[in-house]
Amino acid sequence: AQKVTQAQTEISVVEKEDVTLDCVYETRDTTYYLFWYKQPPSGELVFLIRRNSFDEQNEISGRYSWNFQKSTSSFNFTITASQVVDSAVYFCALSEASGSTLGRLYFGRGTQLTVWP
Amino acid sequence: NAGVTQTPKFQVLKTGQSMTLQCAQDMNHNSMYWYRQDPGMGLRLIYYSASEGTTDKGEVPNGYNVSRLNKREFSLRLESAAPSQTSVYFCASSEVPQSSYEQYFGPGTRLTVT
Chain D
1 AQKVTQAQTE
11 ISVVEKEDVT
21 LDCVYETRDT
31 TYYLFWYKQP
41 PSGELVFLIR
51 RNSFDEQNEI
61 SGRYSWNFQK
71 STSSFNFTIT
81 ASQVVDSAVY
91 FCALSEASGS
101 TLGRLYFGRG
111 TQLTVWP
Chain U
1 NAGVTQTPKF
11 QVLKTGQSMT
21 LQCAQDMNHN
31 SMYWYRQDPG
41 MGLRLIYYSA
51 SEGTTDKGEV
61 PNGYNVSRLN
71 KREFSLRLES
81 AAPSQTSVYF
91 CASSEVPQSS
101 YEQYFGPGTR
111 LTVT
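Just so you know, the protein sequences line up as chains D and U, in that order. Under my numbering, the first residue of the first sequence carries the number 1, and numbering increases by one thereafter. Under my numbering, the first residue of the second sequence carries the number 1, and numbering increases by one thereafter.
It is worth saying that the hints were derived from the structure and are not from the lab.
Once the Cα atoms are required to be at most 35 Å apart in a straight line, the calculated DSBU-like pairs of lysine-lysine come out as:
hint	chain 1	residue 1	chain 2	residue 2
1	U	LYS57	U	LYS14
2	D	LYS3	D	LYS16
3	D	LYS38	U	LYS9
4	U	LYS14	U	LYS71
5	D	LYS38	U	LYS14
6	D	LYS38	D	LYS3
7	U	LYS9	D	LYS3
8	D	LYS38	D	LYS70
9	U	LYS57	U	LYS71
10	U	LYS57	D	LYS70
11	D	LYS38	D	LYS16
12	D	LYS3	U	LYS71
13	D	LYS70	D	LYS3
14	U	LYS71	U	LYS9
15	D	LYS16	D	LYS70
16	U	LYS57	D	LYS3
17	U	LYS71	D	LYS38
18	U	LYS57	U	LYS9
19	D	LYS38	U	LYS57
Quick partial rundown of chain D residues pointing at chain U, CB under 10 Å, derived from the structure:
hint	residue
20	GLU96
21	GLY103
22	PHE107
23	GLY110
Where a beta carbon is used, it is the ideal one built from N, C-alpha and C, also for glycine.
Modelling step: build the complete structure from the supplied sequences, incorporating the hints.
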């Protein structure tokens, strides 16, 4: 069964602090994709990153970085030197690449990040 | 190139009323999806269409019907709205498997059923 768990419901930090959002997933597929989406207060869903199951390299994009570890089924997201504009709900999601669930996205429940000035 | 569009953006219904949420994409994607988002629940799949002419149930299909009108359009119908269907509805599309499964989302429809 496919499942994505974001254990942190809410996180509050003060500006310039680093923050890590946790994501743990379950899948029986050997080929799959993991995603992070951001949902700011305006409500739209903003794609942040996609990672496939064969690429365990960490990725850095500006203040954002992602740590993918298949051994622990985790795909964690770190924001360095957080800013007020980072305040949003962040979703981790999983998509399998085969079988009857091909292409479907399974979302975690999201983590509400609040960055205080 | 508008991406994924949804209409309406807001809607208030009374219990028992019906309505159709419209979704269209201009990216020539084969797959389209309807999700609902409730507080603390993330996004849950209602129905999806892997290709024109096919539809399948997702996690929470009860109380909804869908129509894949053509490759561009995928509508969601509530035949008899209930307060439990108060939610934000998102439509999405993707090109599976060519696009590595990334889904592009519409802006959402906020529905309130009283």
